[in-house]
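A.B. asks: Now for the letters of each chain:
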Amino acid sequence: MEIFLLLGLPLAGGLALAVTGARHRAAEINVAFSFATLIAAALVTARVLREGPFTTWRELFFVDPFNAFLVALTAFVGFTTSLFSRPYMRIEAHHGRVNPARLRLYHAMFQVFMFTMLLALTTNNMGILWVAMEAATLATVLLVSLYRTPESLEAAWKYFILCGVGIAQALFGTILLYFAAGELHGAEGTSALQWTHLNEIKATLQPTVLSIAFVFLLVGYGTKVGLAPLHNWLPDAHAEGPTPVSAVLSGLLLNVALYAVVRCKVLVQGATHSDFASHLLMGFGLLSAVVAAFLLWRQRDIKRLFAYSSIEHMGIITFAFGMGGPVANFAALLHMTVHSLTKSAIFFTVGHAAQKAGTQIMAEIRGLLTISPSIGWGLMIGTLAILGLPPFGVFASEFLVLTTAMREQPWATPILLLALGVAFAAIFGRVQHMVFGETNLQRLPQSPSLWPVFTHLALVLILGVAIPGALAQWYRLAAALIG
Amino acid sequence: MAIPFSWQLINLLAALLLLIAFAMLAQRRVTALIGLYAGQGLVLAASTAAMARISGLPHLYVSAALTLALKVFALPWLLHRVIRRLEIRWEVEPLINIPATMLVGIGLVIFAFNLAEPISQMASPITRSTLGIATASVLLAFLMMITRRKAVTQVIAFLAMENGLFFAATSATRGMPLVVELGIALDVLVGALIFGIFFFHIRETFDSLDIHHMEKLKEH
Amino acid sequence: MSLSGVLNQLLQSLLVVAAAPLLMGWVNQCRAWLANRRGPGILQPYRTLHKLFHKDAALAEGASWLFRVNPYIQLGAMVLAASLVPMLAVDLPLAPAADVIALVGVFAVARVFASLAAMDIGTAFGSLGARREMFVGALAEPALLILFFNFSLVSHSTSLTTIVQTLAHQQFVLHASLAFAAVAFVMVLLAENARIPVDNPATHLELTMIHEALILEYSARHLALIEWAVAIKLFVYFAIGIACFLPWGIAQAGDWAAVPLATGLLLGKMALAGAGLAVVETVNAKLRLFRAPEFLATAFLLAMLGLLLHFVLQV
Amino acid sequence: MSSSIDGINAALAATTAWLALGMLGLLRPHSVRWVGRVLFPISAALSLVLAGIGLASVLKAPQAAVLPLGLPDLLFHVRLDPLSGFFLFLLGVTATGISIFSAGYFRTGEGTPPGLMCFQYHLFLASMGAVLLADDAYLFMVAWETMALASYFLVTTHHRLPEIRQAGFLYLLIAHVGALGILLCFGVMHGTGWQFTFDAMRTAHLAPGWSSVAFGLALFGFGAKAGMVPLHVWLPEAHPAAPSPVSALMSGVMLKTAIYGLIRVTYDLLGTIRWEWGLTVLIAGSVTTLFGVLFALMQHHLKRLLAYHSIENIGIILIGLGLSLTYIGTGHPALGALGLAAALYHTLNHAVFKSLLFLGAGSIQHVTGERELGRMGGLARWLPRTAFLFLVGSLAISALPPLNGFVSEWLTFQAALLSPALESGVLRSVIPLAAAGLALAGALTAMCFVKVYGVVFLGAPRAPKETELHDVGRWEQTGMAWLAAGCVILGLAPVPMLRLLDHVARLLIGQSLGSQALRSGWLWLTPVAAERASYNPIVFLVLIVGVTLLTFVLVRRFYHGRLRRAPAWDCGFGGLDARMQDTAEGFSQPIRHMFGPVYEMERHLPSASDAKPRFHLEIRDRFWSVLYLPLAGLVEAVSRQVGRLQAGRISIYLLYSFLTTIFLLLFV
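Chains as they are written, first to last, in the numbering used here: chain L, 526 to 1008; chain Z, 3 to 222; chain G, -5 to 309; chain B, 16 to 683.
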């Protein structure tokens, strides 16, 4: 029941917003539906807390600790983003960058996008998972090109083609998975794609087929995660779309894609009885972290900067999942949470900062602190948090990742150290000059909504110094599940 | 041991699929490409139907019908409309010349067959050859995407890739669950629509569908 | 702390304070003789001091308390140094208050205050002198410290009394490393006491002088105190040299009978050393100021070499 | 038992109270009265209390507690033992003086408002307290990085100046990279089953190779914070940028937390010490010492100069630690205890006198608005009290007896002179070299501070003064006087201090300094044995002062005290003016000449035909051109190459995807 609410609400919201296209109240309706979704997510979460993992509707949907926390996170960030986007899009409209028709598209697609992500998270069927991932691309591609500038069109085109091709490979992987379970193992019909079923029989699945399948799945979903060298769409799409879209792409979509990868990894690991999947994940993770760090170094555009930072963090998380084991998985899950909260908060502030400056070029944004202390401090604290400075949660997870790596995979630590060091220098060196110094910015026609920013940062702070016991227990269960 | 006719049919269709994939790789004219795409769709529908007969799975007939409707009629029609509206006839020279592309393509086919070899050993005799061919056609379509310059040809290549996948799904694994197939079909349809929308946006903005206009976003 | 120790301490301190100008006079007299001059007589320093004490002090405008206090500190520091070095007998109750490192520290205190006082007025000469003094000191002081370390390695102690005790009253050993130390010590002594070839105590030529530039603004009793302190410093340096290299004859603790002999020996050694200094000053030319660092760096390296040699030769 | 629990609770409460004081500052962020006259004095009192707690806990057995915060399987563990007690004492004592000073120092103006600054300041203090109390790796790291962060914000108080932002950036970057090194060090050391408590690390057994890796990482991480060469480059940039009380805290206390961390990791957590570590630290310390003092001499900006001296003093501390580690590693724990005591003593001394000097520099800057030595001169006339207190600090840092700097250098020399006890010929000859370096550094420091004091306070003013200057207020003077008193007391009463340090040594090495050393009365400092070496600062002082007074009286008694004032002698030239005095650059010219190869110099000399003769000299740190700029260039070049990945062409992107798939399939 809760699942239907969870999935039905955003879908209904999308339809409603598409149909009504209400000019004045669209943003409020958007917020209302997002809030309702959040409530539904809370209900789902409560049920998992109460009953443990459950499947529903002929086992088509499945909720366990791993996806339940992602569902809650997705609904929460979706809600805060909708809050943020209200004043943000109004200012954009005021600046004449969007017209009412596009606003309508924006609001409808926002809800559809939420729907696709929640579907991808809750479905038990690997095929549906693929469908939902593809749908998520389709829903966002028009959001990326919302401004219809040449750059945004180019970005959207690249996004579409690259993710389309990537996801096509994931489909091939899914087919192979189905082939392994159905053709070779004799599972029938839908059950051959059900993750719960596959998870049970994983030890008996054919290793070679699963290895090949994993390559395709990893390359496919990995493209959406933004793993190097498949990441090329990511900075473009983040930089050229409206900021709320960047926030949810970075904060949520990447998580969901990574979720898909990890689900596949669990199966493959179980089947091959080797470190094949782990090594692939670690390799991709490290490569992404390093490549992203060096790409950060010469950035000029603020949204591209934080887009690359997302690649870097996804790399770290992927690496942690690759190492596996209770601590690394715990760290990876925690890192997913805090990265999503922090990065979306950063995009919120960045959006307003760019609006104030009228540009995304960092050299032209100066002295935020003078004109607007709250945005300035928000950006500064958010940046410090994302760079892994305590007492924020990102530090907690990086602490666990690094210490575990030092123990389990010492060869990887210099690479991680290099990536973190270069990324720190690159990001902080830029952000500092934007926040501090003499200002050249103007006031905005509409006061920004900043409490989402500080709520996120407060949560990240709490996760850094005192992780609630229930949440920790949850992470532990999920970590054990991932293995 | 003699192979039953229906199996031979499927093998023949698979071979046709690969042939068409090569033909597409070599083809420069856009209209001809659309024709080849439609032909590939037809082969696909036929093989799905054949598979449905062999395996006796009713939902494969639905798949076959869906394929026929979508890939033989709807999408080619849509593409034709688009190119007529946008007045595109010729593909200019691809990035790599065609003979070289063909050579690479042959290499890919060998690679794909070798890759599928160990799996085929385990599979039932029907699906033995099809998996390799499906992989090969996916890779060939991928190659085509890389070497083409026009947005439209890229999209056709993308759709051809999807055909290869679909072939793998139906012939190698006797069809995915219906709900999944429906979902995939929906995605393909929506995707194609969005591609259509994009063509117009791109044309409007850049005055051309040549993708070399879209190389502005890069690191300096 | 024995009575004999206290007596010895008092005797030694008074002797140094009283005899230091005499030593200065002796050195100057020797130099005069070597230069074929008659010389003013070895009591001339006392006459100079007396004259200076009688004069009215002229103080530069802008001089602060530091400038006025400095002469007293100079004298205090030198008297302290004089009470630390065993000259007549080894039982000095005050000696444990400072070992050789602290002794170097005493000289450093004096030097720092002298330089600060020189800069107090704000004249070109004062700061020039301070710069040169601190620079020479910065090289001479570590050299001195390192050559003391040579002794400390031999005697396992940095206490001068223990060093003397070890060298003079235990089995006689030839320490090769100390040869280096001896040469280094002579060089440091020359530099620290503003002697040729590093400095010339007899000239006010601005391009070359060091010590005289420091005290250019002093007059009357202040100058007298400083001159006296300079004399004590030379005496103490000689005494250190004697204690370290020619300690024979310094009396054991409580051995009063040996003290008269020790006093005689000390005066004799001092006279010899003074004459030696005069010879060195006469046969050498003053170095260009730029060459002074090389001179002192050589001393520093020699001391270092001695140290390393000690470890190589194990003696 | 209850009293032992009380110590740690009190320490925690004091740390938390600091944090609370900071929060209170945010209540009225623009009120100087509220922050300066109310909060900072309370903070000073609190610091004093903390110093007392620290002092008391040096004598007690370790006490531990667990807080209900932290990661799920790793709650915050805290522990108060003699080592952390000693450093808490250091923190408290120094912070007392600095907080009193700050009460009068902060005022409204450009940059961060006072209330926010009060918050950052107290966050800084509290995080340093937490670093010292932490007993698990996570809390340690959290506190460590919070400390860096808080101080970064304090450094960038005047963030409108680009060079200050640059300095802050460099500081935080190196601090962060260092922290990552420390983190990895904990990663190596953590016990079985991801136990990050220090207790687990104490009991964990590491293979020798791994323990050396851990040590190397710790030296890198803590060295970066302490300003060890070649990781020192942030220090001369960050210290001058910060407001003076903050520079004082950073230099006086924060650098010491790095020393604390190094001691904690090597002595306490790693357990088995190897002599190779000692040698490494010894060499690093010697290089750092000489480097620091040579560059300090070349500075003409007062706070930069002090910052380089901090590098030098860190070097001296490292020499002490290196000696200690070498002795312990070769099986002479008693000698090791002496080295450790020397290092710790110098740590405390440096905290006191360097804070004093930085506060003095702050006072000068407040009164005159100048930072350049070349525009000062004769300030003793207007700032007599500041001048006197600064003199005390200068003499102390120059290691002149009987002040405190001398005691610790003396102890370090004594420790170095014990090297004949070692078997290895190499070690025996390296240690005297380090001692020689230390001797040279000490003499050069004296030269440098004669320069500073002479140029700043003595002579005639070099730049014309528009207004009459007034000495700083009572708060500032009291703060400095507190620290100056510390210099004197620590110099005159070394033995009680050494007894405290003996407790620390017994905790860490399990070895006392030696019974004879401590038995010979509180007046006589005899670290090894009375006949080996002894030092009595009080006799020393009494003798000098006594002779000085006696002379004074005798001269008055037998002659006279007549005095007249006259102009200084001008060689008959006439018209002496302030420009004829030696400058700071001129003062150190001989050193520049002699150690020329060490410096990277850019010099422009005027020629005879110049219409407007100008002399220009710039001295740069060679490590920039040898290490850091090439490193940045390398990153830049790599980044340029990696940037080509993002070429903008969709075909190329597709090719990546294609090749990745093919490549991975080849592996299956």
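Accuracy of the hints is not assured; some may be wrong.
Stated by the list, open to error - Cβ-Cβ distance ranges computed for the label pairs, FRET-style:
| # | chain 1 | residue 1 | chain 2 | residue 2 | range |
| --- | --- | --- | --- | --- | --- |
| 1 | L | T733 | B | L82 | 32 to 40 angstroms |
| 2 | L | G1008 | B | L82 | 48 to 56 angstroms |
| 3 | Z | F75 | L | R622 | 38 to 46 angstroms |
| 4 | Z | K218 | B | G648 | 47 to 55 angstroms |
| 5 | B | V641 | Z | V192 | 55 to 63 angstroms |
| 6 | B | M616 | Z | A102 | 56 to 64 angstroms |
| 7 | G | D50 | B | V560 | 24 to 32 angstroms |
| 8 | L | R968 | Z | F75 | 28 to 36 angstroms |
| 9 | G | D50 | B | E387 | 54 to 62 angstroms |
| 10 | Z | L80 | B | G648 | 30 to 38 angstroms |
| 11 | Z | S210 | L | L574 | 55 to 63 angstroms |
| 12 | L | T729 | Z | I98 | 28 to 36 angstroms |
| 13 | B | P399 | L | S974 | 57 to 65 angstroms |
| 14 | B | G67 | G | V274 | 42 to 50 angstroms |
Everything labelled a hint here was simulated from the structure, so no lab data went into it. We treat Cβ as the ideally placed atom computed from N, Cα and C, and that holds for glycine.
A.B. asks: Could you check the structure against the hints above and give me the numbers of any it violates, in ascending order?
C.D. replies: Those not satisfied are hints 1, 2, 4, 8, 9, 10, 12, 14.
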